[in-house]
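Q: Could you build the full structure based on these sequences and the hints that come with them?
Protein chains: 4
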Amino acid sequence: MSKTKVGIVGYGTIGKRVADAVMLQDDMELIGVTAHSYNYRMISAQTKNIPMYRLLGAEDLNGLKIEGAFEDMLKKVDIIIDCSPKKGGAENKEKYYIPNKIKAIFQGGEKSKVADVSFTAQCNYDEAVGKDYIRVVSCNTTGLCRTLNAIKSKYGIEAVHATMIRRGADPWDIRHGPINAIIPELELPSHHGPDVQTVLHGMPIFTTALSVSTTLMHLHAITVDCKETPDVNEVIKLFEKTTRVRLVDNASAVRSTAEIMEFAKDLGRLRSDMPEIVVWKEAIGVTGKKLLYLQAIHQESDVVCENIDAIRAAMGFKDAKESIEKTNKALGIDYCKQCI
Amino acid sequence: MSKTKVGIVGYGTIGKRVADAVMLQDDMELIGVTAHSYNYRMISAQTKNIPMYRLLGAEDLNGLKIEGAFEDMLKKVDIIIDCSPKKGGAENKEKYYIPNKIKAIFQGGEKSKVADVSFTAQCNYDEAVGKDYIRVVSCNTTGLCRTLNAIKSKYGIEAVHATMIRRGADPWDIRHGPINAIIPELELPSHHGPDVQTVLHGMPIFTTALSVSTTLMHLHAITVDCKETPDVNEVIKLFEKTTRVRLVDNASAVRSTAEIMEFAKDLGRLRSDMPEIVVWKEAIGVTGKKLLYLQAIHQESDVVCENIDAIRAAMGFKDAKESIEKTNKALGIDYCKQCI
Amino acid sequence: MSKTKVGIVGYGTIGKRVADAVMLQDDMELIGVTAHSYNYRMISAQTKNIPMYRLLGAEDLNGLKIEGAFEDMLKKVDIIIDCSPKKGGAENKEKYYIPNKIKAIFQGGEKSKVADVSFTAQCNYDEAVGKDYIRVVSCNTTGLCRTLNAIKSKYGIEAVHATMIRRGADPWDIRHGPINAIIPELELPSHHGPDVQTVLHGMPIFTTALSVSTTLMHLHAITVDCKETPDVNEVIKLFEKTTRVRLVDNASAVRSTAEIMEFAKDLGRLRSDMPEIVVWKEAIGVTGKKLLYLQAIHQESDVVCENIDAIRAAMGFKDAKESIEKTNKALGIDYCKQCI
Amino acid sequence: MSKTKVGIVGYGTIGKRVADAVMLQDDMELIGVTAHSYNYRMISAQTKNIPMYRLLGAEDLNGLKIEGAFEDMLKKVDIIIDCSPKKGGAENKEKYYIPNKIKAIFQGGEKSKVADVSFTAQCNYDEAVGKDYIRVVSCNTTGLCRTLNAIKSKYGIEAVHATMIRRGADPWDIRHGPINAIIPELELPSHHGPDVQTVLHGMPIFTTALSVSTTLMHLHAITVDCKETPDVNEVIKLFEKTTRVRLVDNASAVRSTAEIMEFAKDLGRLRSDMPEIVVWKEAIGVTGKKLLYLQAIHQESDVVCENIDAIRAAMGFKDAKESIEKTNKALGIDYCKQCI
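Protein chains in written order, with our numbering: chain A, 1 to 340; chain B, 1 to 340; chain C, 1 to 340; chain D, 1 to 340.
The reader is advised that the hints may include incorrect statements.
Said to hold, decoys possible - In silico DSBU-like cross-links for lysine-lysine, where the CA-CA straight-line distance does not exceed 30 Å:
no., chain 1, residue 1, chain 2, residue 2
1, C, K289, B, K237
2, A, K5, A, K152
3, C, K289, D, K48
4, A, K326, D, K48
5, B, K337, B, K289
To be verified - The following residues of chain D were derived to be distant from chain C, with all beta-carbon distances above 12 Å:
no., residue
6, K5
7, E71
8, S112
9, D116
10, K131
11, H201
12, E228
13, K237
14, Y293
15, E322
16, Y335
Hints were generated in silico from the structure; no laboratory data involved. C-beta: ideal position from N, C-alpha, C; glycine also.
A: This is the structure:
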């Protein structure tokens with residue numbers, strides 16, 4: 001079988017991770033990534049011998065080894081993973097992907113209409129098979145979809161309310177705050193609820209969001225009104241069986257987002273990432289038919305595996321389970337979920 | 001009418017504020033505060049000519065002007081406001097207040113059984129009239145009681161779920177973190193729910209809590225299942241009329257806890273405090289019978305006025321409304337709630 | 001004597017404080033401040049009955065009580081305190097102050113050439129007497145000038161090196177970071193050194209700067225190569241006698257910038273400000289002819305009193321000492337510097 | 001040649017990294033590490049098949065696979081790397097290492113007298129050859145030694161002053177602050193200066209220290225009075241040639257400690273560490289004979305390679321250069337220092 005030729009547009013937080021992930025798949029070949037400016041990310045890419053193509057309007061690339069122009073890369077690929085900043089994907093689609101008849105995967109910063117389907121592999125892979133344009137939803141939406149999909153399948157869902165406590169900026173981002181504040185998002189519902197519905201159609205969810213002074217992870221406080229009465233131990237077992245969800249507990253001293261990220265470092269993860277959605281055992285509670293839980297989202301990495309599965313779906317690979325397992329194995333996802 | 005003679009035990013975050021507040025009441029006299037060690041708080045007290053009494057076990061007081069021992073202060077007062085660190089109040093009660101037949105007000109760090117009644121003035125002042133021992137509930141519980149009591153009176157309440165996003169440490173506290181993490185409280189429910197029930201008896205509330213890297217205020221994300229369908233504009237009016245609750249909005253650029261505290265500075269508040277519970281207009285939402293809102297709690301100051309009212313209740317003053325208005329006026333509470 | 005009629009352009013961090021300070025002077029009258037948009041600062045101004053004048057290009061003022069246009073204010077004043085954002089002052093000078101023959105005080109964000117003299121009252125008041133345009137230097141430069149001027153007068157100075165550890169954003173500023181980083185300023189020397197020389201002519205100073213994740217105060221680590229050997233206790237006495245400099249120590253538990261700001265709150269300062277430059281006793285050290293010390297700068301307030309003195313200098317008031325004392329008394333500066 | 005059998009006592013921030021590093025050396029064998037409690041670090045160790053030995057007084061180890069008691073490990077090793085919390089090393093030496101005649105490497109938290117020599121490989125490897133007890137100095141001291149040693153060799157040093165801006169807590173440490181403050185260390189000089197002198201004997205250095213609200217790295221602002229006039233470009237070349245020192249610059253967008261750590265992630269470093277001392281090109285300055293520079297220290301990792309070299313020195317391996325190069329190669333140190 002020939003390998004799928006993948007090009008990546010936008011080599012930032014997500015793009016650089018997807019590039020590494022593509023290189024770890026035995027059914028994919030990384031044709032190249034785009035270069036927009038000279039910086040430590042591109043230097044790192046060069047040390048990994050990743051081919052670089054100059055973006056239109058690129059700044060001085062200062063000695064980086066460039067293979068050609070963006071358009072040259074387009075000619076060589078089967079599919080583009082578009083990791084452009086917000087709305088850049090929609091522009092690229094009109095300008096490049098449609099005219100050149102290239103399939104493309106977009107990220108959650110784009111509006112859902114950019115694509116034929118919004119996507120979380122374990123929820124709706126089948127919908128995406130053979131589609132030309134697939135949108136991997138945002139890190140927060142992906143996290144909500146993974147756990148809510150599991151709960152819905154077991155207990156049914158009447159209503160969901162989630163409070164999203166968002167990190168103020170990414171770890172490398174020194175410009176954005178807040179340094180010392182809690183900032184509510186003054187729109188109700190926040191965009192996350194409607195976005196979940198692009199994957200889990202009809203999910204009755206309402207979300208509130210706010211930002212805090214941390215760079216590491218988002219945290220969701222979720223309340224689900226179930227159709228059937230849930231049980232804490234059953235829910236723990238349910239999440240243990242759910243791929244790309246990881247339980248942690250106080251016993252292992254993983255008491256905060258900081259310790260989750262340290263655990264990821266200790267496990268030797270690539271870039272010290274934690275792509276699984278992390279749920280605290282002790283914070284799962286039931287009161288009547290209400291199920292409460294807290295989950296942490298590593299905003300930089302949870303969608304990377306989704307992009308890999310989306311490539312396979314777009315290229316017509318039909319078996320969701322096989323794709324997910326293949327991706328997980330290549331990336332070390334679900335590794336050591338229950339080490340002891 | 002003779003003034004109520006008030007002594008304050010514990011001159012920390014709450015104690016120093018209650019001392020200032022007592023001095024602003026025309027029906028109270030501040031007999032003194034206790035000194036435990038030499039520091040900038042005691043130096044400030046001395047510049048205000050507040051009489052200081054040496055606590056048993058006090059460290060070197062280094063030139064502070066001391067009036068006498070703690071026991072000397074006890075002989076001069078009608079009532080003690082006990083602002084000791086956690087559990088210190090219960091010990092003092094057994095050791096000093098009961099033997100000396102002195103009334104006392106305790107803070108929310110004490111267990112509820114320390115007192116005859118747990119107290120939030122606008123909710124259950126009447127229960128506290130004439131009682132010897134009253135417990136002002138914690139800053140978070142006070143905030144929940146103020147707004148939930150108003151909602152209950154108008155719409156009835158089936159169930160409440162609140163996610164409490166707590167400040168990691170007070171502004172002056174340099175030892176405690178987190179510097180960069182979100183820390184869930186791994187007990188369900190958190191203690192806040194049951195604590196609300198000590199004031200609003202039978203309130204069906206479930207709370208989840210977590211801590212973040214900020215010093216300024218707590219923030220509560222609250223979902224109320226009402227008995228009757230609420231309306232956003234009505235709720236805004238309801239909160240406008242509710243004492244010790246203040247609405248802010250995006251139009252006035254108060255978009256975060258940081259800007260709330262800056263507003264308090266600009267208003268010229270004592271110690272730049274914001275004793276009212278602050279609700280964002282744009283974050284009040286209704287979906288079906290569910291009411292959602294976000295409120296910010298200035299952990300250092302919201303209970304100060306409660307202590308003043310608790311003094312009056314303990315001394316047998318019967319009119320809740322008059323006490324609250326008197327306290328508010330003296331402290332500038334509710335001032336400029338709707339300036340324009 | 002008629003009062004000096006003062007108008008303030010720019011009602012932000014500095015402008016709002018200067019407005020309050022002008023109102024506290026018995027030889028000045030606050031004619032008004034400019035309004036650029038509706039927000040909590042303007043609401044607070046209105047509650048203080050401060051007349052507001054609409055800036056050209058002002059956004060919707062949403063019910064604020066406006067006295068007239070900016071030009072109307074110009075006609076009523078003797079002098080303008082220009083607290084515009086960076087470079088706005090220079091533009092206003094050309095466009096308004098020169099044509100209207102109005103004296104003006106500028107802030108440290110402007111280049112020094114905007115004014116006839118750069119100013120720190122206790123260093124070079126005399127140079128500014130009768131000048132039309134005076135520039136109060138920035139918070140950091142003001143802090144360096146106050147202490148270096150004192151040291152120079154006693155020991156002479158061969159060379160100064162200062163490392164400026166800057167707060168990342170002001171307390172109300174939720175947009176700027178860093179949340180978790182140290183950011184060096186990649187220019188050598190930083191602009192602070194040359195700026196000191198605009199006040200202390202010929203001072204041999206070299207500065208390095210960096211930003212950290214805090215909102216409260218800047219901190220300077222200063223090394224002075226003195227001409228004569230300094231003595232720690234003498235330096236302590238020198239700073240005790242120097243106006244607008246305050247010593248704190250470990251004994252009083254003022255061990256950090258956070259505790260300095262809490263001390264300011266406890267002292268009942270307006271807006272909880274600490275306008276004095278704060279030096280830690282225990283961090284004053286001598287090794288050979290080198291003097292080392294650490295000082296903290298409250299970036300929001302230390303220049304406020306300088307603006308008041310600058311007004312008097314501009315208006316021809318000749319006695320520096322009298323102006324400084326008058327300003328200090330009105331603003332409570334130097335109050336309780338050695339309480340015990 | 002038989003491999004050196006290494007045991008590690010204390011599996012925390014340093015211990016876990018040294019364990020990984022030992023496993024990467026072809027002349028060493030990791031016999032085991034000690035287990036004190038069940039937590040994510042030990043779980044991670046188990047997934048790496050690292051043998052664990054129970055520490056005296058260990059808490060419930062909850063299913064971890066334990067090889068035996070601490071004493072059993074002692075019998076199998078040639079040398080111990082003691083990474084105990086402060087002062088634990090000195091106790092262990094008396095109690096275990098001397099009676100059992102086992103060589104040991106200690107960390108910088110121990111007093112220098114615990115060992116025969118304090119150690120930084122590129123400065124004084126030769127002094128340590130064949131010694132029984134070697135102390136690897138702290139992360140900050142190691143950083144100072146690496147760059148000062150290079151400067152001294154080229155220009156000679158008259159005097160050094162360094163301001164150490166320390167991270168408040170490690171990334172995983174959620175208990176310690178400050179959240180929003182700058183905390184000066186109120187002792188002069190800070191302990192770092194004298195500690196440098198245990199390695200660079202007679203170095204005339206004076207240090208000042210303070211802590212800030214960050215978890216990522218320390219930063220040093222260093223002023224060196226050189227004997228001969230330094231030149232900026234020469235210093236850049238000097239640092240380029242100095243092992244375990246890395247230059248970064250604004251051009252590559254590495255403008256802060258946050259971007260340094262992101263660069264380390266992108267380079268694929270183990271645990272995303274940056275063991276080299278990082279110096280900003282643009283922040284190297286010269287004024288007269290004074291050389292100024294800023295350097296960042298990854299507190300968690302810079303001493304790991306020093307422990308490896310210390311093992312070789314203790315075991316009698318005589319060639320410093322060969323040991324350092326061997327260690328560097330195994331750990332990827334100095335990799336891609338000048339990628340382009």
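Q: Hints the structure violates: just list their numbers, smallest first.
A: 1, 2, 3 and 14
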